[in-house]
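Q: Under the working numbering, residues 1 to 360 are what the sequence shown spells out, in order.
Note that these hints are calculated values from the structure, not bench results. Please note that the accuracy of each hint is not assured.
Stated by the list, open to error - Label pairs and their in silico Cβ distance ranges:
#1 GLU75 to THR260: 17 to 23 angstroms
#2 ARG52 to ARG354: 42 to 48 angstroms
#3 ASN299 to GLU270: 34 to 40 angstroms
#4 THR300 to GLU270: 31 to 37 angstroms
#5 LEU347 to THR300: 24 to 30 angstroms
#6 LYS358 to ALA220: 29 to 35 angstroms
#7 GLU71 to VAL182: 37 to 43 angstroms
#8 THR327 to ARG52: 43 to 49 angstroms
#9 PRO183 to THR300: 28 to 34 angstroms
#10 LYS119 to TYR264: 34 to 40 angstroms
#11 TYR264 to LYS236: 42 to 48 angstroms
#12 GLU89 to THR300: 50 to 56 angstroms
#13 GLY204 to ALA76: 39 to 45 angstroms
We put the CB at the ideal spot given by N, CA and C, even for glycine.
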Amino acid sequence: MYMVREDTTTENSDEMQKIRTALIGYGSVGEKMHAPLITVCPDLELVAVVERRQEKSKEKYPSINIFRSLEDLLEADAADLIVIVTPNEFHYPQAKMALEAGKHVVVDKPVTIHSDEAKELKRIAEAKGLILSVFQNRRWDGDIRTIQKILAEGILGRIVHFESHFDRFRPQLAENWREKDVPGNGITYDLGTHLIDQAVMLFGKPDWIYAEIFKQRTGAIADDFFDITLMFGGIKARLTASVLSKAPVPKFLVLGEKGTYIKYGLDVQEKAFKAGELPEGLNWGLEDAEAWGELHLENTYMTYETERGDYRLFYQNIADAILKKHTLRVKIEEAITVLEIIEAAFLSNREGRRISFKVN
């Protein structure tokens, strides 16, 4: 078993309680990340995949059932947990359909395109007593878990500045729905969702938002750059992402009255998933020492060990919440806050001003 379990049920009891899980969509993220994470979770069983035209999932999972639509899967009552990994524009109608059918639901981030849609999903889930969560896997990146530890221990003293980058070099446009003229496209709804969620996880709701959101590549239809400032009392958070950044820049920069933490490089899990590695074993999510971040304090400098990154904990928590063993870690209320911040960021970009963020 890959993690310490917090219950004392027997192996046979665990097997009886496996939650039938279906994956809606089998694109790159569904195939390389969601499906492996589901299959290694001891309390979940991947029993079905919705693929409209192919049967690619059967190559790795020959025993699963293939359905051509969510409607067909729900009519067959083939699963208890529905995981939606389709383009953003389909998230709301598919999640609503699954919830109304009495199914627990996980939706890939950002959950829906509009915050009002997410609020409606929340209402349905609560009325039916169902689990509804959002795949915010990057809460379990090793670097952000390390920053949580540094802040909890007060190593940097009072924090004044938090900077988070997610830069890549992809100068050529891709044949991907995120770069086409469809609702919910662009880098802000993609990487921006992760960075905003991490900042809200650390600091709560912001006082105001200021954003610059651009299309920088020649011929770009969707936004491919953002620079978003969130103000949390005396803490300025700068969140930015570009697809035209070739030189290394810090992934994180945290400034406090006692010193600075700086970290380069992405969490190791994404590269492992892309290479087809199963999320198993004692070394999963561990970063090599040469990639650790640095602490620069008043009279000393040191490398600081990166915590283990572990996306497996997301799906274990989903299973535990369904089985009523633990509370849900990624709540729909938090996803709604992230969407409201994204909406405010686009408004700020259009109007060129700070947007006050009123707590609802």
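Q: Now look at each hint and say whether the structure bears it out.
A: Hints versus structure:
no., hint, result
1, GLU75 to THR260: 17 to 23 angstroms, "violated (57 angstroms)"
2, ARG52 to ARG354: 42 to 48 angstroms, "holds (44 angstroms)"
3, ASN299 to GLU270: 34 to 40 angstroms, "holds (36 angstroms)"
4, THR300 to GLU270: 31 to 37 angstroms, "holds (32 angstroms)"
5, LEU347 to THR300: 24 to 30 angstroms, "violated (44 angstroms)"
6, LYS358 to ALA220: 29 to 35 angstroms, "holds (33 angstroms)"
7, GLU71 to VAL182: 37 to 43 angstroms, "violated (22 angstroms)"
8, THR327 to ARG52: 43 to 49 angstroms, "violated (35 angstroms)"
9, PRO183 to THR300: 28 to 34 angstroms, "violated (51 angstroms)"
10, LYS119 to TYR264: 34 to 40 angstroms, "holds (38 angstroms)"
11, TYR264 to LYS236: 42 to 48 angstroms, "violated (21 angstroms)"
12, GLU89 to THR300: 50 to 56 angstroms, "holds (51 angstroms)"
13, GLY204 to ALA76: 39 to 45 angstroms, "holds (43 angstroms)"
Of the numbered hints given earlier, the model fails hints 1, 5, 7, 8, 9 and 11; all others are met.
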